[in-house]
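**Student:** Which chain is which? The protein sequence lines are A and B, in order.
Numbering-wise (my numbering), the first sequence opens with residue 1 and increments by one.
Numbering-wise (my numbering), the second sequence opens with residue 1 and increments by one.
Hints were generated in silico from the structure; no laboratory data involved.
C-beta: ideal position from N, C-alpha, C; glycine also.
Don't take every hint at face value.
To be verified - Think about it this way: if two alpha-carbon atoms lie no more than 25 Å apart in a straight line, the pair counts; the simulated PhoX-like pairs of lysine-lysine are:
1. Lys67(A) to Lys36(A)
2. Lys71(A) to Lys9(A)
3. Lys36(A) to Lys19(A)
4. Lys71(B) to Lys41(A)
5. Lys52(A) to Lys19(A)
6. Lys56(B) to Lys71(B)
7. Lys22(A) to Lys41(A)
8. Lys56(B) to Lys68(B)
9. Lys44(A) to Lys19(A)
10. Lys71(A) to Lys19(A)
11. Lys22(A) to Lys9(A)
12. Lys22(A) to Lys67(A)
13. Lys9(A) to Lys19(A)
14. Lys52(A) to Lys67(A)
15. Lys40(A) to Lys42(B)
16. Lys22(A) to Lys44(A)
17. Lys9(A) to Lys44(A)
18. Lys42(B) to Lys19(A)
19. Lys71(A) to Lys42(B)
20. Lys67(A) to Lys9(A)
21. Lys36(A) to Lys22(A)
22. Lys68(B) to Lys44(A)
23. Lys42(B) to Lys67(A)
24. Lys9(A) to Lys36(A)
25. Lys36(A) to Lys71(A)
26. Lys40(A) to Lys71(B)
27. Lys44(A) to Lys71(B)
28. Lys71(A) to Lys52(A)
29. Lys42(B) to Lys41(A)
30. Lys42(B) to Lys36(A)
31. Lys40(A) to Lys19(A)
32. Lys71(A) to Lys22(A)
33. Lys19(A) to Lys67(A)
34. Lys36(A) to Lys52(A)
35. Lys22(A) to Lys42(B)
36. Lys42(B) to Lys9(A)
37. Lys44(A) to Lys42(B)
Claimed, not checked - Restraint-style ranges between C-beta atoms, simulated for each label pair:
38. Ser74(B) to Gly28(A): 32 to 38 Å
39. Thr10(B) to Gly84(A): 22 to 28 Å
40. His72(B) to Ser65(A): 37 to 43 Å
The primary structure of each chain is shown beneath.
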Amino acid sequence: DTAVSQTPKYLVTQMGNDKSIKCEQNLGHDTMYWYKQDSKKFLKIMFSYNNKELIINETVPNRFSPKSPDKAHLNLHINSLELGDSAVYFCASSLRHGDTEAFFGQGTRLTVV
Amino acid sequence: GESVGLHLPTLSVQEGDNSIINCAYSNSASDYFIWYKQESGKGPQFIIDIRSNMDKRQGQRVTVLLNKTVKHLSLQIAATQPGDSAVYFCAENIPGNQFYFGTGTSLTVIP
Numbered sequence: 001d002t003a004v005s006q007t008p009k010y011l012v013t014q015m016g017n018d019k020s021i022k023c024e025q026n027l028g029h030d031t032m033y034w035y036k037q038d039s040k041k042f043l044k045i046m047f048s049y050n051n052k053e054l055i056i057n058e059t060v061p062n063r064f065s066p067k068s069p070d071k072a073h074l075n076l077h078i079n080s081l082e083l084g085d086s087a088v089y090f091c092a093s094s095l096r097h098g099d100t101e102a103f104f105g106q107g108t109r110l111t112v113v
Numbered sequence: 001g002e003s004v005g006l007h008l009p010t011l012s013v014q015e016g017d018n019s020i021i022n023c024a025y026s027n028s029a030s031d032y033f034i035w036y037k038q039e040s041g042k043g044p045q046f047i048i049d050i051r052s053n054m055d056k057r058q059g060q061r062v063t064v065l066l067n068k069t070v071k072h073l074s075l076q077i078a079a080t081q082p083g084d085s086a087v088y089f090c091a092e093n094i095p096g097n098q099f100y101f102g103t104g105t106s107l108t109v110i111p
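Bound conformation, chain A alone (with noise of 0.2 Å):
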């Protein structure tokens, strides 16, 4: 069983349109996050949820909506795609806020032409 599951794995849209990734976890963590790694490798966090409450949101453009119906899932939708929104993007979770040891998902590779 996948401990961290993201779908979909490869997204290809066009810009300006609305997109959404979905998160799921099995592990019972209380805390899932949203990074976004550029074609450059650097690994940025965008958001943190705690129990289903935002805790960190990291300077990231309105677009990108997060949102967590459970402590379980934690999706991402973005709206108005732009040519930089390309990256891969990647749920994790932790059992708590500010735990060290993050497991991450496989990765969403969404291009935006």
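Chain A is fixed; fit chain B onto it per the hints.
**Tutor:** Just chain B now, kept in the frame of chain A:
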């Protein structure tokens, strides 16, 4: 913002040799430093962490050294194997916040 950096973007080592991956940090308030490994096509995977009041910590085939005087962190991998080929990230954890990753070092193990 980004404050964690790596000295070398790429590193090639012979199988069986030891590898040393270096990292510089700038935030003195960091309470933990962490190393992650990312294999091609996969998400990062936790390797080891070290608390800021320690200067050395050992794991299975890995050792992390912390030098707070010069704000330097290193990951040593003993007897490097082909399966160690990956991108290695250091990260610093700032209390009350979240950990921030550096750009990464790509390690290639030559058989």
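**Student:** Run the structure past the numbered hints and jot down the numbers of the failing ones, going up.
**Tutor:** none
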